[in-house]
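Engineer: These are the residues of each chain, in order.
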Amino acid sequence: MAARLLAPADPAGSAAGLVVSARHVTKRFGAAVALDDVSVDIAPGSIHALVGENGAGKSTLGKVIAGAVVPDDAELVVDGEPVTYRSPRDAIRRGVAIIDQELALVPTMSVLDNVFLGAERGRRGLLDRGIQRRTFTDLATRIGFTEAASTPAGALRVADQQKVEIMRALVRDARLIVMDEPTAALTRPEADRLLALTRELRDQGATILYVSHILPDVLALCDTVTVLKDGRHVKTVPADGETTDSLVTAMLGRSLELTFPSRTPPPADAPVLLSVRGLTREPAFRDVSFEIRAGEIVGLAGLVGSGRSEIARAIFGADPCTGTVEMAGRPVRSRSPKGRIRHSIAMMPESRKDQGLVMIRPVSENVSIVHLGEVCVASVVSPRAERRMVGDAIERVDVRAASRTMPMWALSGGNQQKVALAKWLARTPRLLIADEPTRGIDVGAKRAIYEMLHGLAGEGLGVLLISSELEEVIALAHRVLVVRDGRIVAEMDGEEATEDTVMRAVFGGSTP
Amino acid sequence: MTAALQDTRGRLHARLLFLRDYAIVGAVVVLFVVLSLTSDVFLTRTNLLNITAQVVPTAIVAFAYTWLIICGEFDLSAGAVFVLTGIVATNLYDDIGTYPALLVGILVATAYGAVNGFLVAYVRINSFVCTLATSIIAYGITLAISQGRLLTITDSGFATIGRGSFAGLRYSIWIMILCGAMVAFTLSRTKLGRWVYAVGGNPEAARLSGINTRAVKLLSFVVVGLAAGVGGAILASRTSVGQPGNGIETVFGAFSAVVVGGTSIGGGRGAIWRTVFGVFFLAMITNGFNLLGVSIYYQQIIQGVIILFAVAVDALSRSDR
Numbered sequence: 001m002a003a004r005l006l007a008p009a010d011p012a013g014s015a016a017g018l019v020v021s022a023r024h025v026t027k028r029f030g031a032a033v034a035l036d037d038v039s040v041d042i043a044p045g046s047i048h049a050l051v052g053e054n055g056a057g058k059s060t061l062g063k064v065i066a067g068a069v070v071p072d073d074a075e076l077v078v079d080g081e082p083v084t085y086r087s088p089r090d091a092i093r094r095g096v097a098i099i100d101q102e103l104a105l106v107p108t109m110s111v112l113d114n115v116f117l118g119a120e121r122g123r124r125g126l127l128d129r130g131i132q133r134r135t136f137t138d139l140a141t142r143i144g145f146t147e148a149a150s151t152p153a154g155a156l157r158v159a160d161q162q163k164v165e166i167m168r169a170l171v172r173d174a175r176l177i178v179m180d181e182p183t184a185a186l187t188r189p190e191a192d193r194l195l196a197l198t199r200e201l202r203d204q205g206a207t208i209l210y211v212s213h214i215l216p217d218v219l220a221l222c223d224t225v226t227v228l229k230d231g232r233h234v235k236t237v238p239a240d241g242e243t244t245d246s247l248v249t250a251m252l253g254r255s256l257e258l259t260f261p262s263r264t265p266p267p268a269d270a271p272v273l274l275s276v277r278g279l280t281r282e283p284a285f286r287d288v289s290f291e292i293r294a295g296e297i298v299g300l301a302g303l304v305g306s307g308r309s310e311i312a313r314a315i316f317g318a319d320p321c322t323g324t325v326e327m328a329g330r331p332v333r334s335r336s337p338k339g340r341i342r343h344s345i346a347m348m349p350e351s352r353k354d355q356g357l358v359m360i361r362p363v364s365e366n367v368s369i370v371h372l373g374e375v376c377v378a379s380v381v382s383p384r385a386e387r388r389m390v391g392d393a394i395e396r397v398d399v400r401a402a403s404r405t406m407p408m409w410a411l412s413g414g415n416q417q418k419v420a421l422a423k424w425l426a427r428t429p430r431l432l433i434a435d436e437p438t439r440g441i442d443v444g445a446k447r448a449i450y451e452m453l454h455g456l457a458g459e460g461l462g463v464l465l466i467s468s469e470l471e472e473v474i475a476l477a478h479r480v481l482v483v484r485d486g487r488i489v490a491e492m493d494g495e496e497a498t499e500d501t502v503m504r505a506v507f508g509g510s511t512p
Numbered sequence: 513m514t515a516a517l518q519d520t521r522g523r524l525h526a527r528l529l530f531l532r533d534y535a536i537v538g539a540v541v542v543l544f545v546v547l548s549l550t551s552d553v554f555l556t557r558t559n560l561l562n563i564t565a566q567v568v569p570t571a572i573v574a575f576a577y578t579w580l581i582i583c584g585e586f587d588l589s590a591g592a593v594f595v596l597t598g599i600v601a602t603n604l605y606d607d608i609g610t611y612p613a614l615l616v617g618i619l620v621a622t623a624y625g626a627v628n629g630f631l632v633a634y635v636r637i638n639s640f641v642c643t644l645a646t647s648i649i650a651y652g653i654t655l656a657i658s659q660g661r662l663l664t665i666t667d668s669g670f671a672t673i674g675r676g677s678f679a680g681l682r683y684s685i686w687i688m689i690l691c692g693a694m695v696a697f698t699l700s701r702t703k704l705g706r707w708v709y710a711v712g713g714n715p716e717a718a719r720l721s722g723i724n725t726r727a728v729k730l731l732s733f734v735v736v737g738l739a740a741g742v743g744g745a746i747l748a749s750r751t752s753v754g755q756p757g758n759g760i761e762t763v764f765g766a767f768s769a770v771v772v773g774g775t776s777i778g779g780g781r782g783a784i785w786r787t788v789f790g791v792f793f794l795a796m797i798t799n800g801f802n803l804l805g806v807s808i809y810y811q812q813i814i815q816g817v818i819i820l821f822a823v824a825v826d827a828l829s830r831s832d833r
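As you go down the protein sequences, you meet chains A and H in turn.
Per this note's numbering: the first sequence = residues 1 to 512.
Per this note's numbering: the second sequence = residues 513 to 833.
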């Protein structure tokens, strides 16, 4: 039965998990190093976990092994044979499939069609519906999928969609399945069933590469654990000898090369600038209340998906929410970014490419766009006034662009990020929300951004800082709020907040 | 990927960008010279003025299209609205007089643009589908008013806008120049123009920069409605006929001029000077083929190929980002 499920193409029934070895994997995204010479061997028929902080490179490594990300450098060996993947298709042909965090189903197509998409059974372009249906029924019984084959995939709950993805992998004869944060969107009972299913797949001979930040799950499920930190390999050990604490400790440790400006706390009598009460936007976050004082940098720490970016967007009016927002004691009623900007709130959004900048327009237009009214006479832009405003703003953030008429995409990531900040500085805001302000930029630019945030706080701005790089939050913020599952679960001042305490709060472990 | 390969691709990309930006200028110059040399008639005052007078209605719609396409949207209904304006005006002029009739026609067209804009920006219907539907509705209204007949006008006053002239140029040409100048100025020099580019280039970034993106989109559709009205009024005046139809040639002609000029159909990039070149390039091809006696059928084929070429260059130059 098991053999039939896993290897319909292998009549001998000798289905075995793949022996995969990934050596010297290096991957850069722009100037940022996601993986730096990482080597991992995955034993056949085992569940192998990849763990680490946000941005440690665990998802990237999973994707490299599944052919979904092309590494800059790597030696991949599958079943003793060196391979180079050009696309996920190549990996599937080798028996490697990935179940991504973002499920890749076609929502309008039926479950059955999704399962066989790209692996249709039939001859000469004609589908053999009978064989497909029989194969599907077998699979569905095996993994406990109870919904009808004709249901549109988009109508299923996430847990069932995941099962569809698993069936999809099995139909392709996958012998190594990479699961990237598979339980992130599941309820606890659903997650437990998925873990049980994963174990069954392993017992039937499949190899599973399990990427997750839920450490108790990892410990309960996996045979081997690899810990990554800042794109580097820390250790690969049997899961038996590990505890949540030992894994967290392995993820800690200061990265190299980074230095931070020294932290000067705001004066004790600094007035409250932003006051947020009962902010709720289901299902992203609920009942969020906190304050930021003038000159204070408040860090919002949490895992990706914990609700931290959503909280920031709601404060900026980018998404609707309930609850109240006050600026300097005055209620902010307007619900749009436009209205919030009038209240001197500014936001550098999470993704500068998708949300912050108009990549095909020149630097100057991107800088002047927010406060264009200031350089207009009767709605006509005064080129001289605009040049002056753009020049001043760009000088403040030290953008080294060859020309202000260059399109944004031609700039380095660091300079792009500086422009994304400069656009808010043409008229100094009172509150700056900086969501991942240093993502994907080089060390020099990071340092420059830190100093600017620090300088702005020194001028009396309130700053709400969100970052996946914990050490960044800890080094810059005067106060750290920890967000888990859409709630603020801990608040620590600059002294209490260490990587250790914050990380334990972020992962929901015990505080020592 | 090896560095050498990346380098080659980079150079190819740069060449594509150059082609997208300046191919149209070269093409117009070459075509002008070739036609001047091969045809005795082409380079005469009468012929050149004729070409210009003929492109007026299409050019006015094309200017507004440039705006809308930069804003990241499209309006298929402009052609049907264009026709509707002529029908409304020719139907009303007997009762309320020439200028009020033309004005009502233009107002109807503008209102039509506002409805399109509302449906796309606020109800969030895909602009292509939305304006396909409203285009059919406009065509239906046209047929209902005209009962499918030509509405012919005998009053010579009605023809003034289309045929009268000032300083050696027809009024209609002056109107076209004025429209072009206004749109060009708005796009390149005003706050609204910046917003249009930003909304078309990245709507989310525009919204998070405090721009009311829906209002900008709505207004862009109003501009297209207005332009279709003005263009339709001029055509009706020139021909003294209200001719029912779906106006799809106007849509094709104006759209072709915009993309051949090099305005990106992806939004966020383009300019009126490009569309001016695009309009004259296509008009010269038609004119030249007529002068050289090439069949109208081949003209269509060649026009289609040129548009494909223009769109392909745009798509390829984008693909690396």
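Treat the hints as calculated values from the structure; they're not laboratory data.
Please note that the accuracy of each hint is not assured.
Said to hold, decoys possible - Pairwise CB distance ranges (calculated):
no., chain 1, residue 1, chain 2, residue 2, range
1, H, R527, A, E102, 32 to 40 Å
2, A, G339, H, M694, 29 to 37 Å
3, A, P152, H, G805, 56 to 64 Å
4, A, P265, H, Y534, 37 to 45 Å
Stated by the list, open to error - Calculated from the model, a selection of chain A residues having no Cβ within reach of chain H, i.e. all distances over 10 Å:
no., residue
5, A43
6, G122
7, T151
8, A268
9, R277
10, P337
11, P349
12, R361
13, R384
14, R400
15, M406
16, E499
What the hints assert, rightly or not - Counterexamples of contact, computed for chain A against chain H with all Cβ distances above 10 Å:
no., residue
17, A159
18, R199
19, K229
20, G391
Every residue, glycine too, gets a C-beta built ideally from N, C-alpha and C.
Engineer: Hint by hint, say whether it matches the structure.
Structural biologist: Structure-based check of all given hints:
{"no.": "1", "hint": "H:R527 x A:E102: 32 to 40 Å", "verdict": "holds (35 Å)"}
{"no.": "2", "hint": "A:G339 x H:M694: 29 to 37 Å", "verdict": "holds (31 Å)"}
{"no.": "3", "hint": "A:P152 x H:G805: 56 to 64 Å", "verdict": "holds (58 Å)"}
{"no.": "4", "hint": "A:P265 x H:Y534: 37 to 45 Å", "verdict": "violated (57 Å)"}
{"no.": "5", "hint": "A43", "verdict": "holds (32 Å)"}
{"no.": "6", "hint": "G122", "verdict": "holds (33 Å)"}
{"no.": "7", "hint": "T151", "verdict": "holds (26 Å)"}
{"no.": "8", "hint": "A268", "verdict": "holds (34 Å)"}
{"no.": "9", "hint": "R277", "verdict": "holds (24 Å)"}
{"no.": "10", "hint": "P337", "verdict": "violated (5 Å)"}
{"no.": "11", "hint": "P349", "verdict": "violated (6 Å)"}
{"no.": "12", "hint": "R361", "verdict": "violated (5 Å)"}
{"no.": "13", "hint": "R384", "verdict": "holds (13 Å)"}
{"no.": "14", "hint": "R400", "verdict": "holds (21 Å)"}
{"no.": "15", "hint": "M406", "verdict": "holds (13 Å)"}
{"no.": "16", "hint": "E499", "verdict": "holds (31 Å)"}
{"no.": "17", "hint": "A159", "verdict": "holds (30 Å)"}
{"no.": "18", "hint": "R199", "verdict": "holds (40 Å)"}
{"no.": "19", "hint": "K229", "verdict": "holds (28 Å)"}
{"no.": "20", "hint": "G391", "verdict": "holds (17 Å)"}
The structure shown violates the earlier hints numbered 4, 10, 11, 12.
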